[in-house]
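Student: Protein sequences appear in the order of chains L and G. Just so we're aligned, residue 1 is where the first sequence starts under this note's numbering, counting upward by one. Just so we're aligned, residue 1001 is where the second sequence starts under this note's numbering, counting upward by one.
Mixed in with the good hints, there may be bad ones.
Only pairs whose alpha carbons sit at most 30 Å apart, straight line, appear in this in silico DSBU-like list of lysine-lysine [what the hints assert, rightly or not]:
| no. | chain 1 | residue 1 | chain 2 | residue 2 |
| --- | --- | --- | --- | --- |
| 1 | L | K78 | G | K1124 |
| 2 | L | K140 | L | K80 |
| 3 | L | K80 | G | K1060 |
| 4 | G | K1073 | L | K423 |
If you are wondering where the hints come from, they were derived from the structure by calculation, not from laboratory data. This structure is a prediction, so every number in the text was calculated from the model and none was measured.
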Amino acid sequence: MKKRFVTLLMVVSMLLGVMAFQPALADSAEPITLNLWHIYTDETDTQRIVIEEYIQEYEAAHPNVKVEQHILQDADYKNKILVEFSGTAESVDVFSYWGAGRAGDIYNAGKLLCVEDYMTAEQLASIKPGADNNFKYDGKLYGMPRSSWMMVLYCNTELFEANGVKLPETYDEWLDACIKFDALNIIPVALGGGVDDAWQAAFVYEALVNRIVGADAETIVLEAMAGFHDNDGFKEAAVKMAELSTARAFGKSPLEIDEFTSNAQFLSGAAAMRLTGSWFTKSIYELEESLIEGKVTALPIPKVEGGNGKDTDYVGGIIDGFFVNAATKHPEVATDFTYGLSLISGNRLHEIGDGFTAFNLPVDESGLYPLAVEVAAIANRAIDGFVAWDTFLPGDLADIHLDACQALLVPNADIGRFMDAYKAIFD
Amino acid sequence: MNKLLSNKWVITAFVLPTLLFFLGIVIVPLFITGYYSLFNYNGLINIADAEFVGAGNYIKLFTGDSVFLVSLKNTAILIIGSVFVQIPLAFLLANRLAKGIPGEKAFRTIFFIPVVIAATIIGKLFYYIFSADIGMVNAIVRALGVPDFYFNWLTNPATAFLCVAFAAIWQYIGYHMIILYAGIKSISADYFEAAVIDGATGAKATRHITIPLLAPVVKTCVVLATVGSVKTYDIVVSMVGSGSHSGTQVPAILLWRNLFKGRLVGYGSAQAFFLVVVCLLLSYLIARLFKKSEENASQY
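Next up, chain L with everything else stripped away, as it sits in the complex (with noise of 0.2 Å):
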């Protein structure tokens, strides 16, 4: 009950003050419709309760304001999004979206608002350094950032306390314990990377190029997009992934599986290890499958002996966050409801151990999961990350990366192969 009363405290004064942040907009009775677009179809998730009692904080504070919410799943969304900025996109006026390469198409055709022309002094200074750097294109800010994620490797400590088996630090414990786990008939490493969640495989490739190449390198190639042929680590890095695949670290066909039977995989505890981004966190606290609370710690990626990667080098960061749509008839609106939104939903995504805000306003922690605390304690000791290549890549080229990627986790994966596909889009 006090905990309740301590949230729904939180709650109210971020609500005040994200409105003591609002410039004053034009008191006017004339009546706006402001259409959301999200994809956080799912009433019970944490994201989709946020937006709901913004939406209502903000009619109620706004009464000519009403929020029309236009939902749909994730892979129906993107597509449904770029058909309708195909033409004004006139149905759209906020919306959710990943930024860099995947928003830059919509800027290139100029249909994203500048959002720092409608913003205060106080509300650009509230955003921490270097959390808009995907949301900004020509130096300007287009995009409002929410919050940020980081890789870690999930381990079961039951199933490898029980079998004696290394929390893996290297590359070559991981290797090792993957290759024991599987001796056992244990799934070593959970991960559904086939049907059409094949980033999943990249998360893999993505890690261990983090620990081979280096953060540094991999963003210059990646911003440049170009000088992946020139680094071998991005090579070894995919030689590497094969090598698992063919230990089996992912299990024998994690190319028939997807996301979803990789989560009740881990969850159920048939399997070692989950490679997947912080907000799992909260799946094993909350999902009722769940049975290995308690039982899971988090670790950072497993370093690369001879790899450029430091120890402070990282997977994530912020690149899924709120757009405005150029073509709105209510730009300040629009902005000021965004700043709003994205404000609330970071730092109650950092609140429920789900990510780590990208405001500066204060947070209350007391409520995190103790397996949140450990990622947060890693998140803490990280310097320079990327995100995962599909959410920075333009369309086009992130589909030939997940394609390869898919295909490392075929044995004896054909590395030539993997490295030509690369051409088309660092050539």
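Given chain L, work out where chain G should sit, using these hints.
Tutor: Quick look at chain G alone, frame taken from chain L:
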């Protein structure tokens, strides 16, 4: 009435709405697709601002896109399988049923059931047959005395598309069977009675009467099977997803990925235009191929 229908203006008035409709939803979009295919265009900007690449997208189809070439190979496998496996099997079934067997109507319905089931469901059913972990095939082999047998039928590049093709071909056997069955039933019994008098029964009658007279129907089946193979999409996605890791891509999936996911509207349009041309060309070639058989059939 006849006078009315011989009036060209009346005919034009009747035909015009359909013609305009056809022009609006087929011919004009086809030309627009052809026009877009000449640009490096993402669909988000004005086409006037897009880079003109001429035949660049078509050159890329055959020189810079190995996945597209794999998809063409897969389409060829589907066409060959449809024409040389699916239709002959459908003919054998249709011929047997049309000759009259106990439970003819029931069998006719049973064989047609897969056609009325959505391809996505058929895809999932075959997924449960070929899945490495939970599939029937691996389970049967293990039950037959190979306890450690484990094979990734759907993700091994050597077998993945063959499994998909097997499912796609199996699903539409009943479809062609119904068409051929109706064709066989429409052949006058007089021919067969005359053949019996001449001593031609069974396989001989099938070879010299049924098949020649069925040529126009077979042509229809071949056209439908060929065009259907080029358009295959849903069964592949539901069995193995839309990725290219196991060499299971087909042109329709690439089209969808390029046009909608990748925003390669120009390049995707080139693929679409190319496929339309291929479909038209194949239909023409099939028509030419069957021309003589159809003429012979009409002489009976």
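Student: Indicate, hint by hint, whether the structure satisfies it.
Tutor: Here is what the structure says about each hint:
A C-alpha spacing of about 25 Å is found between K78 (chain L) and K1124 (chain G), which places the hinted pair at or below 30 Å, so the restraint holds. With a CA separation close to 26 Å, the supplied pair K140 (chain L) and K80 (chain L) stays within the 30 Å bound. For a cut-off of 30 Å, the pair hint linking K80 (chain L) to K1060 (chain G) stands: about 27 Å separates their Cα positions. Note on K1073 (chain G) and K423 (chain L): the hinted pairing holds, with a Cα-Cα distance of about 23 Å set against a maximum of 30 Å.
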